[in-house]
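Q: Those protein sequence lines, which keep their order, are chains A and B. Using numbering that gives the first Met the number 0, the letters of the first sequence correspond one by one to residues 0 to 106. Using numbering that gives the first Met the number 0, the letters of the second sequence correspond one by one to residues 0 to 439.
Everything labelled a hint here was simulated from the structure, so no lab data went into it. These figures come from a predicted structure and were not determined experimentally. Ideal placement from N, C-alpha and C gives every residue a C-beta, glycine not left out. Take the hints with a grain of salt, since some may be wrong.
[Claimed, not checked] The calculated label-pair distances, taken between Cβ atoms and stated as ranges, are: (1) T95(A) x A22(B): 54 to 62 Å; (2) R268(B) x G82(A): 39 to 47 Å; (3) A410(B) x R67(A): 46 to 54 Å; (4) S40(A) x F123(B): 26 to 34 Å; (5) G43(A) x F123(B): 53 to 61 Å; (6) G214(B) x R99(A): 55 to 63 Å; (7) S77(A) x G214(B): 45 to 53 Å; (8) G82(A) x D175(B): 58 to 66 Å.
Listed below are the residues making up each chain.
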Amino acid sequence: MNSAPPILTAAAVLEALHGLIDPEVAVNVVDLGMIADVTVSPFGEVSVSILPTTPGCPMHDVLADGARAIISRLPGVSAVDVGFVYSPPWTPDRITAAGREALQARN
Amino acid sequence: MTPGPNFRAQALLSFPFFGLGLAALLALVSWAALDPALLSTPTRAPASLAFVHLAVLGWMAPFVFGAAYQLIPVVAEAPLWSRRGAWFHFVLHLAASPLLVHALFRSDFSAGALWGVVVALGTFVGVTDLAITADRRSRWTPENVGLVLALFWLLIAVGLGVLLALVRAGHVIGFDADRLRALHLTCGLVGFFLGTLFAVSFKLVPMFLLGRPGGRFRQWLVLAALNAALFLLAPGLLGEHRPLLLLGAGALLAAVVGFLDEIFVMFTRRLRAPDWPMRTFFVGVATLAPSALVGAAALLGMETLWLPAHPAPALFALVVFGVLTPCILGMAGKIVPFLAWQWRYSAHIGRARVPLVTDLFRPALLRLQFLATVPSCALLLAGVWLESAPLLRLAAASQLLSALALAANVAGLLPHLLRPRVEPLASAPAAGAPPLASTP
Chain A
0 MNSAPPILTA
10 AAVLEALHGL
20 IDPEVAVNVV
30 DLGMIADVTV
40 SPFGEVSVSI
50 LPTTPGCPMH
60 DVLADGARAI
70 ISRLPGVSAV
80 DVGFVYSPPW
90 TPDRITAAGR
100 EALQARN
Chain B
0 MTPGPNFRAQ
10 ALLSFPFFGL
20 GLAALLALVS
30 WAALDPALLS
40 TPTRAPASLA
50 FVHLAVLGWM
60 APFVFGAAYQ
70 LIPVVAEAPL
80 WSRRGAWFHF
90 VLHLAASPLL
100 VHALFRSDFS
110 AGALWGVVVA
120 LGTFVGVTDL
130 AITADRRSRW
140 TPENVGLVLA
150 LFWLLIAVGL
160 GVLLALVRAG
170 HVIGFDADRL
180 RALHLTCGLV
190 GFFLGTLFAV
200 SFKLVPMFLL
210 GRPGGRFRQW
220 LVLAALNAAL
230 FLLAPGLLGE
240 HRPLLLLGAG
250 ALLAAVVGFL
260 DEIFVMFTRR
270 LRAPDWPMRT
280 FFVGVATLAP
290 SALVGAAALL
300 GMETLWLPAH
310 PAPALFALVV
320 FGVLTPCILG
330 MAGKIVPFLA
340 WQWRYSAHIG
350 RARVPLVTDL
360 FRPALLRLQF
370 LATVPSCALL
380 LAGVWLESAP
390 LLRLAAASQL
400 LSALALAANV
410 AGLLPHLLRP
420 RVEPLASAPA
430 AGAPPLASTP
């Protein structure tokens with residue numbers, strides 16, 4: 000029987016962040032194109048860069064806190080660092096096809 | 000990070016302002032429905048003066064300040080400079096503005112000046128707090144500079160109001176009360192309220208529509224035209240200098256045209272369809288075009304042309320009830336549930352299942368608010384043009400319905416504030432339950 004924990008990867012972190020929904024837009028942050036970068040060290044240290052849709056929006060601190068909570072529950076995570084990047088600025092082009100579909104569905 | 004306590008303080012600061020504004024709006028539109036002549040008569044009559052100040056000090060100013068204490072830190076990307084100062088502002092405004100309205104109703108201008116000074120003091124404290132907040136990061140963006148300029152015109156308007164009351168009471172001589180009144184109205188309505196609308200729209204419209212921001216250069220031009228108009232109109236109104244009035248009216252029209260063009264560009268670049276609150280907001284924006292024409296006519300004294308027979312009261316009715324009220328009601332539909340959500344649910348995101356922001360207000364009531372706003376603005380336009388009391392009464396009644404829909408939605412927030420709907424992540428949603436945020 001293999002009891003080894005699943006390997007922590009950037010893809011696994013991104014997959015988990017699909018569960019973090021912007022409560023105003025009702026679309027997850029990954030499909031909104033707000034995740035600029037995810038890195039995972041061999042020691043389980045996860046670093047995520049969030050690209051805010053609008054600089055200064057108070058919801059972004061809330062989303063960063065939610066991202067921290069979600070990632071820290073993943074197996075193998077030893078530390079989580081969530082920060083913001085502002086350049087290049089977020090544009091609607093970053094929204095994925097799934098995100099556009101979700102927006103259309105709510106329209 | 001512990002967002003809860005901070006958001007609680009923010010909500011607790013803004014909600015009293017919103018409550019005061021909403022109560023005044025309900026009283027205001029009920030009064031207008033009972034006496035629609037208030038929307039079309041010159042503002043020198045005591046009841047008209049009281050009505051105008053109930054609209055500005057009771058309804059619009061508290062709502063705008065309640066939102067500004069949230070939005071200016073957002074626009075400036077800096078925390079509010081002094082929460083205590085904001086509370087001091089609220090207490091002074093709450094205590095003095097009803098007494099000021101009452102004094103004007105009784106034509107007691109000495110008491111009006113006294114309570115006006117108290118309102119002015121509170122406004123000065125609030126404006127200082129917000130201006131310092133806006134300046135904390137020294138971000139020279141159109142929205143930031145536009146808000147600071149709007150606050151500047153507010154101080155001028157408030158100062159002129161106190162001076163006007165002193166002139167009316169006979170304590171100060173040497174000023175023409177009618178000219179002061181025209182300038183007081185222009186600085187308040189155009190300088191502060193329209194200036195705030197322009198600046199806030201540059202930030203919030205693309206944010207709420209998930210669109211690209213409009214052109215920065217065009218936004219700067221709009222602000223420049225608006226403020227140039229005010230600097231031309233001030234001496235023009237005081238000295239009844241027609242060339243300056245003509246230039247000022249031209250600059251004001253240019254600012255409005257530029258603003259409408261900017262909104263149109265933002266609208267075409269959107270990814271998200273406007274929801275009911277944003278549609279209500281856009282009804283107000285659309286009413287800006289005919290209001291600007293009436294405004295130019297009022298400034299130039301064109302009473303005998305194809306415009307309303309009394310452009311000044313028509314302008315006030317159109318700007319307050321046709322433009323600003325729908326815009327504020329629309330933004331309220333976005334900001335009020337957002338604040339309540341932040342207060343009660345933000346600390347749980349990523350840790351539990353919580354409602355979406357859009358679940359906090361009932362869509363049916365938001366739709367009713369929009370559906371009542373459209374005929375209200377159309378009837379108001381027709382009513383002021385024709386000076387028709389029945390049409391104005393219907394417009395006010397329709398707006399009352401819109402305000403009641405907002406009040407019902409605000410009342411519906413109480414269960415969320417008292418008993419937040421937080422469910423463990425693992426639990427399955429109840430049948431028919433709305434979608435929840437943060438559901439990994």
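Q: Next step is simple, just say for each hint if it's right about the structure.
A: Taking the hints in turn, this is what the structure says about them:
no.: 1; hint: T95(A) x A22(B): 54 to 62 Å; verdict: 45 Å, violated
no.: 2; hint: R268(B) x G82(A): 39 to 47 Å; verdict: 28 Å, violated
no.: 3; hint: A410(B) x R67(A): 46 to 54 Å; verdict: 35 Å, violated
no.: 4; hint: S40(A) x F123(B): 26 to 34 Å; verdict: 54 Å, violated
no.: 5; hint: G43(A) x F123(B): 53 to 61 Å; verdict: 55 Å, holds
no.: 6; hint: G214(B) x R99(A): 55 to 63 Å; verdict: 24 Å, violated
no.: 7; hint: S77(A) x G214(B): 45 to 53 Å; verdict: 47 Å, holds
no.: 8; hint: G82(A) x D175(B): 58 to 66 Å; verdict: 60 Å, holds
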